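Novice: Chains A and B supply the protein sequences, listed in that same order. Taking this note's numbering, the leading residue of the first sequence gets 1, the next gets one more, and so forth. Taking this note's numbering, the leading residue of the second sequence gets 1, the next gets one more, and so forth.
Hint data in this document are derived by calculation from the structure and do not stem from the laboratory. Predicted model, so just to flag it, every value in this text is computed and none were measured. Careful: at least some of the hints might be erroneous.
List time: in silico DSS-like cross-link candidates among lysine-lysine, alpha-carbon distance up to 30 Å [said to hold, decoys possible]: (1) B:K333 to A:K215; (2) A:K352 to B:K6; (3) A:K12 to B:K264; (4) B:K83 to B:K12; (5) B:K273 to B:K352; (6) A:K178 to B:K215; (7) B:K333 to A:K93; (8) B:K6 to A:K93.
Derived contacts from chain A toward chain B, CB cut-off under 7 Å, selection only [what the hints assert, rightly or not]: (9) L104; (10) T110; (11) N245; (12) I290; (13) K292; (14) A293; (15) V294; (16) K333; (17) A360.
Stretches of chain A that chain B covers, calculated by requiring three or more beta carbons in the stretch to come under 8 Å of a beta carbon on chain B [what the hints assert, rightly or not]: (18) 22-29; (19) 119-130.
Even for Gly, the Cβ is constructed at its ideal location relative to N, Cα and C.
Protein chains: 2
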Amino acid sequence: MTVIEKMGACAKEASRTLAVAGSLKDKALYAIADALENNIDKIVKANEIDIKAGRENGLTESLIDRLYLDDKRIKGMADGVRKVAAMSDPIGKVIRGNKLPNGLKFTQVTVPLGVIGIIFEARPNVTADAAALCLKAGNTVILRGGKEAINSNTAVSDIMRSAIAQTGLPADCIQLIKDTTRASSTELMQLSEYLDVLIPRGGAGLIRAVVENSKVPVIETGVGNCHVYVDSEADLDMAAEIIFNAKTSRPSVCNAIETILVHKTVAETALPKIKEKLDTKNVEIRGCEITKAVLGDSVVTADETDYETEFGDYILACKVVDTIDDAIAHIAKYSSGHSDCIVTNDYNNANKFTSEVDSAAVYVNASTRFTDGGEFGFGAEIGISTQKLHARGPMGVNELTSSKFIVEGNGQVR
Amino acid sequence: MTVIEKMGACAKEASRTLAVAGSLKDKALYAIADALENNIDKIVKANEIDIKAGRENGLTESLIDRLYLDDKRIKGMADGVRKVAAMSDPIGKVIRGNKLPNGLKFTQVTVPLGVIGIIFEARPNVTADAAALCLKAGNTVILRGGKEAINSNTAVSDIMRSAIAQTGLPADCIQLIKDTTRASSTELMQLSEYLDVLIPRGGAGLIRAVVENSKVPVIETGVGNCHVYVDSEADLDMAAEIIFNAKTSRPSVCNAIETILVHKTVAETALPKIKEKLDTKNVEIRGCEITKAVLGDSVVTADETDYETEFGDYILACKVVDTIDDAIAHIAKYSSGHSDCIVTNDYNNANKFTSEVDSAAVYVNASTRFTDGGEFGFGAEIGISTQKLHARGPMGVNELTSSKFIVEGNGQVR
Numbered sequence: 001m002t003v004i005e006k007m008g009a010c011a012k013e014a015s016r017t018l019a020v021a022g023s024l025k026d027k028a029l030y031a032i033a034d035a036l037e038n039n040i041d042k043i044v045k046a047n048e049i050d051i052k053a054g055r056e057n058g059l060t061e062s063l064i065d066r067l068y069l070d071d072k073r074i075k076g077m078a079d080g081v082r083k084v085a086a087m088s089d090p091i092g093k094v095i096r097g098n099k100l101p102n103g104l105k106f107t108q109v110t111v112p113l114g115v116i117g118i119i120f121e122a123r124p125n126v127t128a129d130a131a132a133l134c135l136k137a138g139n140t141v142i143l144r145g146g147k148e149a150i151n152s153n154t155a156v157s158d159i160m161r162s163a164i165a166q167t168g169l170p171a172d173c174i175q176l177i178k179d180t181t182r183a184s185s186t187e188l189m190q191l192s193e194y195l196d197v198l199i200p201r202g203g204a205g206l207i208r209a210v211v212e213n214s215k216v217p218v219i220e221t222g223v224g225n226c227h228v229y230v231d232s233e234a235d236l237d238m239a240a241e242i243i244f245n246a247k248t249s250r251p252s253v254c255n256a257i258e259t260i261l262v263h264k265t266v267a268e269t270a271l272p273k274i275k276e277k278l279d280t281k282n283v284e285i286r287g288c289e290i291t292k293a294v295l296g297d298s299v300v301t302a303d304e305t306d307y308e309t310e311f312g313d314y315i316l317a318c319k320v321v322d323t324i325d326d327a328i329a330h331i332a333k334y335s336s337g338h339s340d341c342i343v344t345n346d347y348n349n350a351n352k353f354t355s356e357v358d359s360a361a362v363y364v365n366a367s368t369r370f371t372d373g374g375e376f377g378f379g380a381e382i383g384i385s386t387q388k389l390h391a392r393g394p395m396g397v398n399e400l401t402s403s404k405f406i407v408e409g410n411g412q413v414r
Numbered sequence: 001m002t003v004i005e006k007m008g009a010c011a012k013e014a015s016r017t018l019a020v021a022g023s024l025k026d027k028a029l030y031a032i033a034d035a036l037e038n039n040i041d042k043i044v045k046a047n048e049i050d051i052k053a054g055r056e057n058g059l060t061e062s063l064i065d066r067l068y069l070d071d072k073r074i075k076g077m078a079d080g081v082r083k084v085a086a087m088s089d090p091i092g093k094v095i096r097g098n099k100l101p102n103g104l105k106f107t108q109v110t111v112p113l114g115v116i117g118i119i120f121e122a123r124p125n126v127t128a129d130a131a132a133l134c135l136k137a138g139n140t141v142i143l144r145g146g147k148e149a150i151n152s153n154t155a156v157s158d159i160m161r162s163a164i165a166q167t168g169l170p171a172d173c174i175q176l177i178k179d180t181t182r183a184s185s186t187e188l189m190q191l192s193e194y195l196d197v198l199i200p201r202g203g204a205g206l207i208r209a210v211v212e213n214s215k216v217p218v219i220e221t222g223v224g225n226c227h228v229y230v231d232s233e234a235d236l237d238m239a240a241e242i243i244f245n246a247k248t249s250r251p252s253v254c255n256a257i258e259t260i261l262v263h264k265t266v267a268e269t270a271l272p273k274i275k276e277k278l279d280t281k282n283v284e285i286r287g288c289e290i291t292k293a294v295l296g297d298s299v300v301t302a303d304e305t306d307y308e309t310e311f312g313d314y315i316l317a318c319k320v321v322d323t324i325d326d327a328i329a330h331i332a333k334y335s336s337g338h339s340d341c342i343v344t345n346d347y348n349n350a351n352k353f354t355s356e357v358d359s360a361a362v363y364v365n366a367s368t369r370f371t372d373g374g375e376f377g378f379g380a381e382i383g384i385s386t387q388k389l390h391a392r393g394p395m396g397v398n399e400l401t402s403s404k405f406i407v408e409g410n411g412q413v414r
């Protein structure tokens, strides 16, 4: 057995205990939160090694910032874990049940998924967040973080493991792979004997690699090519507000928009209003011919690639469309199926859009930035699923569960 | 674009229409059922070619029987399609909904998965069954059947396609890949741009190949290494009845049992009762040393491999265990997580078993043979999922859906 296979076997063994641990899970979570706060110095010291190495290896300041941990951030991690502990237990809920005609009592109940693998990049806070969510839903977790954060991740996971062990649950509920070479993530993707699910968290490259190479079922997260369609019946000031918010409040995140579609009958009035607001943040507009005719030469000509791209930046593609059907067709072609919005006051157009647009979240008259586990009231989230299997959209603890059927009889045979 | 890529693009395009087709789906299903019955001659003629080729290629009689279609079987297919049509629509159901604190109206509704690929072996009836279930749930389907049934499958799918087109829905709601070389199924497994899910239906080899090679999310079905545990507090006559039924009523199916575990305190009384019934069907017993000591020399010695094997035949492995915990540990190690049963009259042992055994269906005092979409009241089933992601256990039309969030506001920004 390799090191990672052994970790898989230990995780599976520990998952049998954790699956029936009940309120002991919360006790472990509160112990983890306290332990994180009681060991701030240790975590900061480990983090300093990562930060120093990062600087030496020429990481950008924004990556250094993601990596950085201090008092406040570690307390934030601890508070996040406490929030997860305070949620209601997602395990053991009855989903459906009835008496079958032959007298069998039939009940479907929620159970943990089992063993979850998480491959993530340079954010050490994911170690605590993700582990807490997995544990709350009765899942053991094998974490494989990026090499940039290995010292921070090791400190955080060691602290969590001792805290768990002190509450009487197996320390192996949480394990961290210390080998950060590509070989270790490749091996994790092959570990179908022990892993029930693999969740990649990070950039598009990481996610694609996992989806393409994993033999373990994967939940794909986080790719967002999102749209706002300004309908002929839109409140144009509201449209400009929503577009400004959805583009500029945090351009790097997956629920930010990349393209707006504007109905031709309002293009001449709407586009200048929209541009005026976007100009305050120097957003580059890449538009179709009509957009350029209305807005003038500051607009770059958009090509096919622009409509396909998740800019993650202060860049917005723009296309004037003839009909709502054209807008819906554009979204069907280019959207990543994350979050798409219509701005309209027309009842039928709103219903048509929400019915025909097939994305995880479909909005009427609100910013796509609300697609988030916290905003939706799910508490913390492990990621935003952009696939249709299992869970779609923000995934909280309830989405980290499976179910089983319990069938009770008195001797029935078939 | 290759032929199969084009099929993918057509399926995706058609899925946009089908997703909002409402009751037109049922009209299409009834039209399909009528068309199948009106074209019995055509189907039988195509089937005769397959049967003739099968005989020439030396297929076993049991495979020939699976392949064979006649009046009665085709009428059965049509009736199956009508049953699916009569079910309530799984699409557009509200799963949850509330008003968020910021005034956003938040609703999660069921939607189709989108495009489903199904790779199956030599049963031409799967063509109609699977296509009907997919269509009912608003999904378009690309079928890739085995070469042995290609003429039958082509006839059935052509008939279904014309029937669909006559109701005004796109014929491409159902497509059959005519190329039955390995290359076509390999290509289907790579078609992640168009396919939302891939479901293999067939033997363990096919399923393993799809799970290991697919870049499309897969639902793993049908592997069943199932157990009955005879507790110290069991009604031993009931145990013998359940074991006899679960082993011999249809040994080839996935919900049949492969191993029994017997508590040591009842082994001496229980085993002869069990053997007496099994002897009427000449079931071979492969047992541990204690089993052999009780039952004598007719029992073959069981080795590790026997506990791992889905015999699919009149063979049963048997092990005497010291405690219920040993039984649960054996199941955790060897069960495929399909269906496992305890026979007991002890309340706490029953609860312990249903709580700690992590299988899709966990039984108390009833035959594992009930794990079936029809028996569970789901109507027809597309397969029995043995994975934990998305759906677990029998999958009916409700398990062929995803969901989306509809978020309605009046200008909310974040």
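Novice: Next, verify each hint and record whether it holds.
Specialist: Status of the hints after comparison with the structure:
With a C-alpha separation of about 21 Å, the suggested pairing of B:K333 with A:K215 holds against the 30 Å cut-off. A threshold of 30 Å between alpha carbons decides the hint, and for A:K352 with B:K6 the separation of about 28 Å falls inside it, so the pair holds. Proximity of A:K12 to B:K264 is assessed by CA-CA distance (about 28 Å); at most 30 Å being required, the pair is judged to hold. For a cut-off of 30 Å, the pair hint linking B:K83 to B:K12 stands: about 26 Å separates their Cα positions.
Simply put, B:K273 and B:K352 have alpha-carbon atoms about 26 Å apart, close enough for the 30 Å limit, and the pair holds. The straight-line distance between the Cα atoms of A:K178 and B:K215 is roughly 28 Å, inside the 30 Å bound, and the hint therefore holds. About 26 Å separates the Cα atoms of B:K333 and A:K93, which keeps this hinted pair within 30 Å; it holds. Between B:K6 and A:K93, the direct Cα distance comes to roughly 44 Å. Violation of the 30 Å bound is thereby established for this hinted pair.
Annotation: interface hint on A:L104 holds; nearest CB of chain B at approximately 6 Å, less than 7 Å. Interface restraint check for A:T110: the shortest CB-CB distance to chain B comes to about 11 Å, outside 7 Å, so the restraint is violated. Against a cut-off of 7 Å between C-beta atoms, the interface hint on A:N245 holds, since the closest Cβ of chain B lies about 4 Å away. A cut of 7 Å between beta carbons decides the hint on A:I290: the least distance to chain B is about 25 Å, and the hint is violated.
Hint on A:K292 is violated. Least Cβ distance to chain B is approximately 27 Å, over the 7 Å limit. A least Cβ separation of about 28 Å between A:A293 and chain B goes past the 7 Å threshold, and the interface hint is therefore violated. At about 23 Å, the closest approach between the beta carbon of A:V294 and any beta carbon in chain B exceeds 7 Å, and the interface hint on this residue is violated. Annotation: interface hint on A:K333 violated; nearest CB of chain B at approximately 10 Å, more than 7 Å.
Against a cut-off of 7 Å between C-beta atoms, the interface hint on A:A360 holds, since the closest Cβ of chain B lies about 6 Å away. Beta-carbon proximity to chain B at under 8 Å applies to 0 residues in the region 22-29 of chain A; the threshold of 3 is not reached and the given coverage is violated. Judged by the Cβ-Cβ criterion of 8 Å, the region 119-130 of chain A is not covered by chain B as claimed, because only 0 of its residues qualify and three are needed.
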